[in-house]
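> Protein chains in written order, with my numbering: chain V, 20 to 303; chain Y, 4 to 271.
These are computed hints drawn from the structure, not numbers from a lab. Beta carbons are placed, not taken as given, at the ideal position from N, Cα and C, and that holds for glycine. It cannot be assumed that every hint is accurate.
Residues from chain Y that keep clear of chain V, each with C-beta distances beyond 10 Å, as calculated [said to hold, decoys possible]:
| id | residue |
| --- | --- |
| 1 | Phe-78 |
| 2 | Phe-90 |
| 3 | Ala-224 |
Below, a list of computed lysine-lysine pairs in the BS3-like style, where the Cα atoms sit at most 27 Å apart [stated by the list, open to error]:
| id | chain 1 | residue 1 | chain 2 | residue 2 |
| --- | --- | --- | --- | --- |
| 4 | Y | Lys-74 | V | Lys-38 |
| 5 | Y | Lys-182 | V | Lys-122 |
| 6 | V | Lys-103 | Y | Lys-182 |
| 7 | Y | Lys-144 | Y | Lys-238 |
| 8 | Y | Lys-151 | Y | Lys-60 |
| 9 | V | Lys-198 | Y | Lys-179 |
| 10 | Y | Lys-74 | Y | Lys-144 |
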Amino acid sequence: MSIKLENINFFYSPDNAFKKHALKDINLEIEQGEFVGIIGHTGSGKSTLIQHFNGLLKPTSGHLYYDNSNIFDNAYHLKKLREKVGLVFQYPEHQLFETTVLKDVCFGPKNQGLDEKSCIERAGEALKLVGLKEKYWDKSPFEISGGQKRRAAIAGVLAMRPEVLILDEPTAGLDPRGKNDILNQIKKLYQETKITIILVSHSMEDIAKYANRLIVMNQGSIYFDDTPRNIFKRYKELEAIGLAAPQVTYIMDRLRRKGFDVSLDAITIEEAKEEILKFLGRDK
Amino acid sequence: MLREITIGQYYPENSVIHKLDPRVKLLGTVVFIIMIFTINNIGGYILTALALAGAIKLSKVPLKYMLKGLKAIFFILMFTSVLNIFFTPGTVVFEYKFIKVTQEGIGLAVKIAVRLIFLIMGSSVMTLTTTPNHLTDGLEKSLSPLKKIKIPVHEISMMMSIALRFIPILLEETDKIMKAQQARGADFETGNIFRRAKSLIPILIPLIISSFRRANDLAMAMEARCYHGGEGRTKMKPLKYYRYDYMAYLIIFLYIAGIILLNNITLW
Chain V
20 MSIKLENINF FYSPDNAFKK HALKDINLEI EQGEFVGIIG HTGSGKSTLI QHFNGLLKPT
80 SGHLYYDNSN IFDNAYHLKK LREKVGLVFQ YPEHQLFETT VLKDVCFGPK NQGLDEKSCI
140 ERAGEALKLV GLKEKYWDKS PFEISGGQKR RAAIAGVLAM RPEVLILDEP TAGLDPRGKN
200 DILNQIKKLY QETKITIILV SHSMEDIAKY ANRLIVMNQG SIYFDDTPRN IFKRYKELEA
260 IGLAAPQVTY IMDRLRRKGF DVSLDAITIE EAKEEILKFL GRDK
Chain Y
4 MLREITIGQY YPENSVIHKL DPRVKLLGTV VFIIMIFTIN NIGGYILTAL ALAGAIKLSK
64 VPLKYMLKGL KAIFFILMFT SVLNIFFTPG TVVFEYKFIK VTQEGIGLAV KIAVRLIFLI
124 MGSSVMTLTT TPNHLTDGLE KSLSPLKKIK IPVHEISMMM SIALRFIPIL LEETDKIMKA
184 QQARGADFET GNIFRRAKSL IPILIPLIIS SFRRANDLAM AMEARCYHGG EGRTKMKPLK
244 YYRYDYMAYL IIFLYIAGII LLNNITLW
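Given these sequences and hints, build the entire structure.
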């Protein structure tokens, strides 16, 4: 169960003045059970890249394999792929349309051809996963709050029980609490089910906290592909392409330059705390 | 798929047509459309085709791009042509059971098809070479005498510019929603007509809601910037005629004269 991209190139509007080389020769392999973070400047090709993973966009050239089969083969069933590779778009709450939250979450399973009972069962399970309380299930998706709409929309994809879950900035525009809730639930889901998670984010802190692999996109190419720890150490290069490292990295860097012997390995606040306490010669 | 509809989309290029005053282009387009429907012989069609070809050439917009706009009206074109071919009474050239094809029918179908193509291409030249802002500026200025009889010209042109501006936005939005629903396993391509119509619900509802949301946001943003209609509003770049514009007016005048002349001599 891996996603493998070979020499993927993608052009928007290939035959007129708006032609744009959005992906340049992408080679990438994502294994089962990874938690991959994708960062990049606006317009660097992140969203274009993830729409290839479930075949919504067809590359201008190159091959894409899921489970070792070429997804753009004529015989390949793209609809089946989309059940296995769940994609949550940016602002997913804009796609809600049913009369109740529960019915909307059922839309995915229903398209999979399941009977009503199992649809509702899966929808309920997904709604619980995203932490949406039962009292909201029979409400209209248009009368609940923004954060709850977001959860309902994410549940809509989770209800299909994907093997790979792709999230395009799932926390954009949410308050800090809603943001943490959603990310923690995703993490919990990841730890419990070991599905592959691909998270597009602008927050270095979130990436540092959750991802175990980081892909940095720059102008349609993969700039870095390594662990977050290794990449954030090279924050000068990240800054050169309009990105940055988590704030704690800068604190540790300053401390180091002031002569405190702390390691730059710390990328989350927790790790930084440990590191500083260790330096001070104190345990917790 | 949806990106291919070019009506209302500006194509950036640096050409004489792009630089023309929007009032000239508006008048030119209106004249062109009126003339298309007055043509009564082959000479007029040839002159119109030449005028259109000249304008397209000068605009530097690739012909391929312009022809793409025709795809959108392909079905209307086929529909009207078929209706005309089969239901126009006259000299029968082909008959099979209840189907009758008449000479007049074929003639009419060709005429209507050519006129429709000219119509779309002609107005595409204007919309592709003029930004929506520029276009409504031109419209407002051209219609400003109507303010005297209490017609809210500014408001109408503002509404028009907003409507034009929203076409590409809504297309993009539709594309996004379609993809999001496809990611949830929606299928828009198979099934009978009822199934397909039903499969549009998951696209249309979010689309209508987002249109309202956008309209609301826009109204709010306009009010936040103290928009209060046309009263006392000045322009950052007032429209001004240059030498090219006068030349274009002359060409439009010559075109009208040419069509009137050709309409009054019999060629076929």
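> Each hint should be assessed against the structure and marked as holding or not.
Hints versus structure:
1. Phe-78: Phe-78 of chain Y is indeed farther than 10 Å from all Cβ atoms of chain V, at 23 Å.
2. Phe-90: At roughly 39 Å from the nearest Cβ of chain V, Phe-90 of chain Y sits farther out than 10 Å, so the non-interface label holds.
3. Ala-224: 17 Å, holds
4. Y:Lys-74 - V:Lys-38: 20 Å, holds
5. Y:Lys-182 - V:Lys-122: 19 Å, holds
6. V:Lys-103 - Y:Lys-182: 16 Å, holds
7. Y:Lys-144 - Y:Lys-238: 11 Å, holds
8. Y:Lys-151 - Y:Lys-60: The hint is violated at about 39 Å.
9. V:Lys-198 - Y:Lys-179: 23 Å, holds
10. Y:Lys-74 - Y:Lys-144: Judged against 27 Å, a Cα distance of about 33 Å means the pair is violated.
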